[in-house]
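Protein chains in written order, with my numbering: chain S, 1172 to 1595; chain A, 38 to 270.
Among these hints, one or two may not hold up.
Only pairs whose alpha carbons sit at most 27 Å apart, straight line, appear in this in silico BS3-like list of lysine-lysine [to be verified]: (1) A/K205 to S/K1249; (2) S/K1543 to A/K93; (3) S/K1556 to S/K1543; (4) S/K1495 to A/K154; (5) A/K93 to S/K1357; (6) S/K1543 to S/K1357; (7) S/K1262 to A/K154; (8) S/K1344 to S/K1495; (9) S/K1556 to A/K205.
By construction, these hints were calculated from the structure, which means they are not laboratory data.
This structure is a prediction, so every number in the text was calculated from the model and none was measured.
As a plain string of letters, each chain reads:
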Amino acid sequence: MDQWYKIDNTGKIFHAVSNASNSAVFRVSITLHETIDPKILQEALDIVVLRFPTLNVRVRKGLFWDFLEQNDQVLKVKEETDYPCAPIDRKENNAFLIRVLYFGKRIAVEVFHSLTDGGGAAEFVKTLTYQYLKLKEENVSAEETELMLPNAPPKTEETEDSFLKYATVTNVKNPATNDKKAYQLKGTQLNPPGINVIQGFVDAAALNSYAKAQGTSLTGFLTSLLIKSIHMEKRRRKAEADLITIAMPVSLRRHFPSVSVRNFFSVSNIGVTMNDQIPFDDVIRSVTEQLIEKTDKAFLQAGINRFVSFQSHIWLRIVPVFIKYPVMRFAFNQLGERAKTMTLSNLGNIKLPDSMKPYVDSMDVILYPTNKSPINCGTATVNDKLTITFSRSIEDNEIIKRFFKELTRMTGLDVTAVSNGWGE
Amino acid sequence: MLQQFQMDGVSSVNSCEDCEIYTNESTCPICHQLLSDTDIKTEDRAYPVYNQRQYKLRAQISRMTVIGGIIAILICLLINMIVMPHFLWVFYVAVAVFYLVVSLNHTILSAAHLGGKITAQVVSLTVLLLVIDGMSGSVQWSVNYVVPFVIIAGILLISIIIIKVRLKWTGYVSFLLMMIALGFLPLILYFSGLANVLWPSISAASFSIATFLAMLLIGNASFMTQLGRRFHF
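Bound-form chain S, shown alone (with noise of 0.2 Å):
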């Protein structure tokens, strides 16, 4: 009990607007090609999870902000039986704010966002599965560069706030951005409450050569269609608003040189105002510049900034948590929310040690929807296999039909898809 944290400055966020509708749990999975034994996978989570100790924590309240506290208790893995994403009891999951579980041959991990970001989850579970092969004596190895062994020591800068170590300024006068707001997605609520899942699998060299074709990259082309996907749903539905945004969380590693497992992202959003005459090609040219645009240096050293003068402004810092949770919430359904359509997150390329590869089937990352962003898309490639998953809490799936048949009709590529069947 003697090592505590605060929450880090996007964590605090994700703290304050989480409820029963917006678990900010999100799901990090590894798929192998052998059923998992879950004897041998709590001894390997016994060993890694004190490799992270920034996710072997609980929360604590405070009277200006919560902070988190080294969970002294077991974390125990179960067998998947809920829905993906679903609130975290932390009740029942001995006040972890993690959990690892178990199906078939898959290991999934899913994190409380105030923990951790995509980034920090999928080193978790590479580090988990590696640490279960190697106690069921498969013959893998490791270095250090590849994934972050499970018996080195921990380092104190994979459990720094990355955001205070490379802000620059921190008193920018006026924080907030100005983003538009964008067409909202909207739909019954699913009976009963949950998340639904609908996975597509599709070659990924493929799909990435095709992708350069069209001069884009693979999450260009993607954002592209999806953009496109939904404007053909909107206008079927002939819903007026006309700006179509997706918001892609951009991990801030690839040009901040940090390796805190801690939640260090930003989050770009790429708007494209749709009509019937745009060709898919400027859809696709309007992305990549964006993208371009919004992924750069620069740019995201001013979001830092931006970011870290919001949290320490000396007002919001003083004042009590029941009323300052209630006010970020209000502005991050208000202001944040309304800025976008959905949020897509690819993980990208995920890099294994060789010796890992032939244990590996595919890897997926599953977002939890919220109100005013009822369908989020996450995207993962390993072993040149992407998954794409797309996770609903609306009855509505024409998005994601669209989405799949475009994809197939464009590319040429085969789909295969598999649900979790929430809902139906």
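Starting from the known structure of chain S, fit chain A onto it as the hints suggest.
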């Protein structure tokens, strides 16, 4: 055509012509059209089979509590307006329903921390009593006697739990601090003229101070550490 991805060990692949996808499942995962009469084997499923009825039931109970409460208040309002329009006793019902809804949804059904449940009970009970007292002509029995002793009871209950749970005591610190702060409410009510009997208010404030001092003495350095963490900004 490129080869479609198959789930490990699953040989049969169905295709949905409408959605233009392949799947190992017997129905299309997107449009739910039946693609094959052969059900997927349990071990080949990508996700578990959920017991959705249980979730529906839980959601229904929570929703029905709120709807039932609103209907009860509306019926009472109607009866009140017809039978006794000069005396709005419906507010007694409304505040009691509010208290019951908080009790059911937070204290009984939610997975909230026990300390939080006690604090929520003290706060909602205080609101209930203040409204009932105010409605019944403000004879001040609530602010003078009941509210101070409800707060004392809350502090006492959390203190006993802290002594009992020992190693897990830090989880209750925030709630105890909240209750200790609440212990000064009756004194504020007295000095603002809303209460007119001093000794229960003094008792509540004294009990708060005594509890705080006891925590300082017993908890010593670890309590000070906890205070530092709870008040960081």
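Practice item. Of all the hints given earlier, name the ones this structure violates by number, lowest first. Key: 3 and 9
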